[in-house]
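Trainee: As a plain string of letters, each chain reads:
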Amino acid sequence: MDRWYEAPGQPGSNVVYSRIRLVRNWKEYPFPSRMTKEQDSELTARLCESFKGIGPADGTKYRFAYLDRMTDLEKTSLVERRVLNRGIVKKQGTSGLILSEDESVGVIINGEDHIRIQVCDTGLKTTECYERAERIDDFIDSRIEYAFDRKYGYLTSYPTNVGTGLRVSVVLHLPLLSTWKNFNSLTADMGRFGTSIRGLYGEGGENFGALYRISNQKTLGQTEREIVDLVTKTAAELDQKEQNLRSDAGRRRSLARLDEVYKSYGVLKYARRLTRKDAMNLLSQIMAGINDGMIETKEPCSVFGLVLGIQPANLLRMAKKPLDKDELDAARADFLRERLPEIR
Amino acid sequence: MLCENCKMREATIKYVEVINGVKSEHNLCTHCASRLDIGQYSALFEGEFPLAELIAGIFGKTDSDRSRDQYAQVVCPTCGTTYEEFMKNSRFGCADCYSVFDPLIGDNIRRLQGSESHVGKRPAGHRITENGEGAQAAAEKADRQQSEKDAELPVAERIELLQSRIKGAVQREEYEEAAVLRDELKKLKEETGQNG
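As you go down the protein sequences, you meet chains R and U in turn.
Heads up, the first sequence is in our numbering, so the first residue is 1 and it goes up one at a time.
Heads up, the second sequence is in our numbering, so the first residue is 1001 and it goes up one at a time.
The shape of chain R in the complex, shown without the other chains (with noise of 0.2 angstroms):
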């Protein structure tokens, strides 16, 4: 089955995906900070054992692994894969991972809290990812007791998620607009509305394929609906202004922008070395091109896939061997070439 970053895009959309996360805790357990090791694998079981069913009645097939018997790099690539936060990663102690056969669907039993619901889906598709997340939520509130507070509702190991419980996220890609001269202001004006925006890849303050998530910067005190439509509107906003930078810069100078996708392929295509940065920048040209029709594929092809694909980790885990970083950089060459789909 095709994983939900396998999906192909939108064309004139710069929305790359939507996702919902909700954060619950059981009201018998203290945090998971505060369980013993007895604990942690009691309610690692019990909860497995509750989310039980939840497959038939989500329409859904799900596997479940335990997070303490994976090997670092596979919960590296699940990282990458947007299917753990990296906090999980060192975590000690017994925690579990329940995944939709498509990994759009996570639950992670027993990481910073006790359970952290997890929907994504490409494109604008809050609503749906939040519905589907609610009738997670509604199953496990039918069997367990969760830790909830008249005052500050939904009870969290951290208080910048107390209250809802919930962050809406959307990934936009944003190649004309970060470079834009008011970007700064824009992303600082955004903060006084109560949402955030970070670059999803990038080292040291520099930005890798212009990829950038905006999300709730506050959990309390808003309805899950209200924080919803918030993050909604302002990713569509933002869709929009990159949108009409990229007309006009469509209609000025419209071969040079041509010759930079072409070439961005060309070099993609028959590379043999290719480092993350490069890759990722090349890519993000491929998909502005895509998405502006200035470049079609033979065959469907998910840009987003692709730059998930590309990274360290999951290099790593289909080369089943260390590799240095020139190898690295060779196989991430192979890995495209391989995968890139013919143009017509």
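Treat the hints as calculated values from the structure; they're not laboratory data.
One or more hints might be untrue.
Said to hold, decoys possible - Just a sample of chain R residues kept apart from chain U, beta carbon distances all over 12 angstroms, derived:
1. Q10
2. K27
3. S41
4. D72
5. G93
6. D141
7. R150
8. T187
9. L245
10. D248
What the hints assert, rightly or not - These stretches of chain R come out as covered by chain U in the derived footprint (C-beta under 8 angstroms, 3 or more residues):
11. 203 to 212
12. 298 to 309
Every value quoted in this text rests on a predicted model; they were computed, and no experiment measured them.
For every residue, glycine included, the Cβ atom is placed at its ideal position computed from N, Cα and C.
Let chain R serve as the given structure and place chain U on it in line with the hints.
Mentor: Chain U only, in chain R's frame:
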């Protein structure tokens, strides 16, 4: 570069202040910077600079600086998390930590979240039914549990807790709740002979 204040230690902190468009720059060592009164940021200069401390700095070490030391020893009876530990990791140990530390950090949660009360979804057991029974029953149950828990605390702490709750209620402009708490405090003081 040496610290411009003590001229002894290496300056590791660059402090830029912009007041009404006038920019002034200071290069200081951590020691001198921590003595400098720059509000909540002072907390950051003590030792390392990790994110958790940054958040903890926003949480704990603001206007309640003076009272902080006396609270440092407050411990959650359920899970044993101390206020100090919370300040360090900005992470709670159990659900009860919220009510235990509420008088100390309620203001800071409000500052961080822009609100202090949940208005979203509720779990099945807390949902408001048509006649409001569900919510009321849950509320009463929570209140009962709360007062039972409070009753186990020593008198001095109970008085302190009530005082801070009154303060919180007044700040929220919930005067009815404040009045109830005030009466409770009065009664408690009379009972224990700590009047005046």
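Trainee: Please go over all the hints and tell whether each is borne out by the structure.
Mentor: Each hint, compared with the structure:
1. Q10: holds, 30 angstroms
2. K27: violated, 6 angstroms
3. S41: Non-interface label on S41(R) holds, nearest chain U Cβ at 18 angstroms vs cutoff 12 angstroms.
4. D72: Holds: least Cβ distance 22 angstroms, greater than 12 angstroms.
5. G93: Correct as stated: the minimum Cβ-Cβ distance to chain U is 15 angstroms, above 12 angstroms.
6. D141: Violated, because the least Cβ-Cβ distance between D141(R) and chain U comes to about 5 angstroms, which does not exceed 12 angstroms.
7. R150: Contrary to the label, R150(R) does not stay out of reach of chain U, its closest Cβ about 6 angstroms off (not over 12 angstroms).
8. T187: Answer for T187(R): holds, closest chain U Cβ roughly 19 angstroms.
9. L245: For L245(R), whose nearest Cβ neighbour in chain U is about 31 angstroms away, the distance exceeds 12 angstroms, so it holds.
10. D248: Nearest chain U Cβ is 34 angstroms from D248(R), so the label holds.
11. 203 to 212: violated (count 0)
12. 298 to 309: As far as the region 298 to 309 of chain R goes, the hint is violated, because 0 residues have Cβ atoms under 8 angstroms from chain U.
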